[in-house]
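**Student:** As a plain string of letters, each chain reads:
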Amino acid sequence: MSQQPQMLTVVSARQDGAVVVSLTGELDMATVGQASTALKEAVETGAPVVLDLTGLQFFSSAGLNMLLQLHEDARERQLDVRLAGDQRAVARPLELTGLIELFPVYPSVTAALAARSA
Amino acid sequence: MGSQDDAEGRLRRIEAVTDTGLAQLDTEKLLSELLERVRELLHADTATVLLVDAAGRHLLATAAVGIEEEVRQGVRVPVGSGFAGGIAASRQPTVIDHVDESTVVNPLLWERGLHGLAGAPMIANGRLIGVLHVGTVTPQQFTGDDLHLLQLVADRIALATYNQVSAVERAAVEALQYSLVPTVLPEVSGLTVASRYVPGADTGVGGDWYDVFPLPGDRVGIVMGDVVGHGLTAAVVMGRLRSALRAYALEFADPGTVLDRLDRKAQHFEHGTMMATVSYAVVDATREQVTVALAGHLPPMLAVPGQKTVLSELPVCTPIGFPSNGQPCPSTVLDLPPGGVLCFYTDGLVERSDSTIDVGLERLRRIVTPEPPEAVCVRVMTTLVGIERARDDIALLVLRREPGQD
Numbered sequence: 141m142s143q144q145p146q147m148l149t150v151v152s153a154r155q156d157g158a159v160v161v162s163l164t165g166e167l168d169m170a171t172v173g174q175a176s177t178a179l180k181e182a183v184e185t186g187a188p189v190v191l192d193l194t195g196l197q198f199f200s201s202a203g204l205n206m207l208l209q210l211h212e213d214a215r216e217r218q219l220d221v222r223l224a225g226d227q228r229a230v231a232r233p234l235e236l237t238g239l240i241e242l243f244p245v246y247p248s249v250t251a252a253l254a255a256r257s258a
Numbered sequence: 166m167g168s169q170d171d172a173e174g175r176l177r178r179i180e181a182v183t184d185t186g187l188a189q190l191d192t193e194k195l196l197s198e199l200l201e202r203v204r205e206l207l208h209a210d211t212a213t214v215l216l217v218d219a220a221g222r223h224l225l226a227t228a229a230v231g232i233e234e235e236v237r238q239g240v241r242v243p244v245g246s247g248f249a250g251g252i253a254a255s256r257q258p259t260v261i262d263h264v265d266e267s268t269v270v271n272p273l274l275w276e277r278g279l280h281g282l283a284g285a286p287m288i289a290n291g292r293l294i295g296v297l298h299v300g301t302v303t304p305q306q307f308t309g310d311d312l313h314l315l316q317l318v319a320d321r322i323a324l325a326t327y328n329q330v331s332a333v334e335r336a337a338v339e340a341l342q343y344s345l346v347p348t349v350l351p352e353v354s355g356l357t358v359a360s361r362y363v364p365g366a367d368t369g370v371g372g373d374w375y376d377v378f379p380l381p382g383d384r385v386g387i388v389m390g391d392v393v394g395h396g397l398t399a400a401v402v403m404g405r406l407r408s409a410l411r412a413y414a415l416e417f418a419d420p421g422t423v424l425d426r427l428d429r430k431a432q433h434f435e436h437g438t439m440m441a442t443v444s445y446a447v448v449d450a451t452r453e454q455v456t457v458a459l460a461g462h463l464p465p466m467l468a469v470p471g472q473k474t475v476l477s478e479l480p481v482c483t484p485i486g487f488p489s490n491g492q493p494c495p496s497t498v499l500d501l502p503p504g505g506v507l508c509f510y511t512d513g514l515v516e517r518s519d520s521t522i523d524v525g526l527e528r529l530r531r532i533v534t535p536e537p538p539e540a541v542c543v544r545v546m547t548t549l550v551g552i553e554r555a556r557d558d559i560a561l562l563v564l565r566r567e568p569g570q571d
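In order, the protein sequences belong to chains A and B. If you use my numbering, the first sequence corresponds to residues 141 to 258, in order. If you use my numbering, the second sequence corresponds to residues 166 to 571, in order.
Bear in mind the hints are in silico, worked out from the structure with no lab data behind them. Note that the coordinates shown come from a computational prediction; the quantities given were computed from them, not determined experimentally. For every residue, glycine included, the Cβ atom is placed at its ideal position computed from N, Cα and C. Each hint should be verified, as a subset may be incorrect.
[As the list claims (entries may be wrong)] Some, not all, of what chain B presents toward chain A, calculated at C-beta under 10 Å: (1) E266; (2) S267; (3) H395; (4) G396; (5) M440; (6) T442; (7) H462; (8) P480; (9) V481; (10) T483; (11) G486; (12) C494; (13) T511; (14) D523.
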């Protein structure tokens, strides 16, 4: 596993009062740990969270557990969580696992933020 | 020079202990044996190994010489507190020259009359395994050389322990997995069933399982499930889900209801700590219809003679254990003509890091045909898995309604 470079970039930023966590690259068993850590920190700020998946080319089943944790942590704090990214690589796994029902999904971060303030 | 030679000589003796004849000892005996040597080498009075627990929050005294009561009393030290806890948190070897409540949290250490302590973190494969420390009742100071030697020993013990613990855990998980996933499926009239289970190369045995059981009224239950996570925890959760599902299957006829009950149980008793995707299907007495419910699980492939094989796009509810939106899990009835095949699988079969799930599903769809299940299993495994071991574990179950006589 260690011979492969990390295939995921995680960036957290404040935007319009929300924490936007952007994942770029491939989300799988090897990379999901760093994404989970960033989401945990985002939830701890107490601000609404936008999980930006628009830059993901690959979303594996490892991402499901990450979403479970995010949903759970956000629910405890009654935080609003939105997903940005409706490309097939992301939408298809969410659809197949029924998780699409639980998170509002928007095509872009801008749309997710706009819908939130509406 | 003299002290260097001496140190090397001492190290060689440690190596002799760790390298030979220890494979057959269990972890505790191995540690006691090593600690005896360490104590002797460093002219110390006590030597203790504390191993970190699975959650990484506490150190548990696992082996000790000269202060055996630490183990007998099950001493636990929070990571980050006191002497051993501080070493675990900082991962730095440390020496202290007085032992009291300001420097250590474990009263046994000052009650034992210890003056000085030297400790080193035990790290293997980048993972903290525990802390090794030695103590002396005389006001003797531990030197930099002592600390260096202690770290070398700690590294060796860490590796030996890591290998042993992971070997034991692997063996336990495999025993559990293979006892729960049937290798011989029950004979069911009117159906033929074949299956495969392969542990993942990166993850070892995980939480994938399948199950086939007869139900009242000559019906047949078919389960395919995948617990998120790997190792012993996932295998234990899988065992619990498997039993619970069997129990609900006897009580409720509708597969969606069975999954709802399973979900309710999982959420109530294992709140937020586990998640599994499960597919549960019931074949009716005539074998003409199969009622399928999916909780976050990939839908089965349906291959019918004379037709194109399809991914049965069924409605799906959220995974088991996942806080759901309260919607009941839907059941869908599929017609299974004579000779028709249903193929259930876990995501390890269709997920590859170089392609999206669509690509994997399409590859599977093309090779599932309405043929005898054993032949379908062989073809699927040869084509999709081949000679390369998959990273994640894989479960596959193929059932076929026997072709009609006419």
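**Student:** Under the criterion of a CB-CB separation shorter than 10 Å, is D523(B) in contact with chain A as hinted?
**Tutor:** This interface hint holds because 6 Å falls under the 10 Å limit.
**Student:** May I ask you to test the interface hint for M440(B) with respect to chain A, counting a Cβ-Cβ separation under 10 Å as satisfied?
**Tutor:** Holds: closest Cβ of chain A sits about 5 Å from M440(B), inside 10 Å.
**Student:** Just to be careful: measuring from the Cβ of T442(B) to every Cβ in chain A, is the smallest value less than 10 Å?
**Tutor:** holds (6 Å)
**Student:** Is the shortest C-beta separation between T511(B) and chain A less than 10 Å?
**Tutor:** holds (9 Å)
**Student:** Grab the minimum C-beta distance from C494(B) to chain A and call the hint holds if it beats 10 Å, violated otherwise.
**Tutor:** holds (9 Å)
**Student:** How about T483(B): closest beta carbon in chain A under 10 Å, or not?
**Tutor:** With a minimum Cβ separation of about 5 Å from chain A (threshold 10 Å), the hint on T483(B) holds.
**Student:** Return the status of the interface hint for P480(B): holds when the least beta-carbon distance to chain A is below 10 Å, violated otherwise.
**Tutor:** At about 8 Å, which falls below the 10 Å cut-off, the nearest Cβ of chain A leaves the hint on P480(B) intact, so it holds.
**Student:** For the hint on G396(B), just tell me whether its beta-carbon gets within less than 10 Å of chain A.
**Tutor:** violated (13 Å)
**Student:** So, as I understand it, the hint says H395(B) touches chain A; can you test that by seeing if any CB pair is closer than 10 Å?
**Tutor:** Check passed: Cβ of H395(B) comes within 9 Å of chain A, closer than 10 Å.
**Student:** Does the CB of H462(B) sit less than 10 Å away from some CB of chain A?
**Tutor:** holds (8 Å)
**Student:** Would the hint on E266(B) be counted as holding, given a Cβ-Cβ threshold of 10 Å to chain A?
**Tutor:** Where the cut-off is 10 Å and the nearest Cβ of chain A is about 33 Å from E266(B), the hint is violated.
**Student:** Grab the minimum C-beta distance from S267(B) to chain A and call the hint holds if it beats 10 Å, violated otherwise.
**Tutor:** violated (32 Å)
In the structure shown, a violation is registered for the earlier hints numbered 1, 2, 4, in ascending order.
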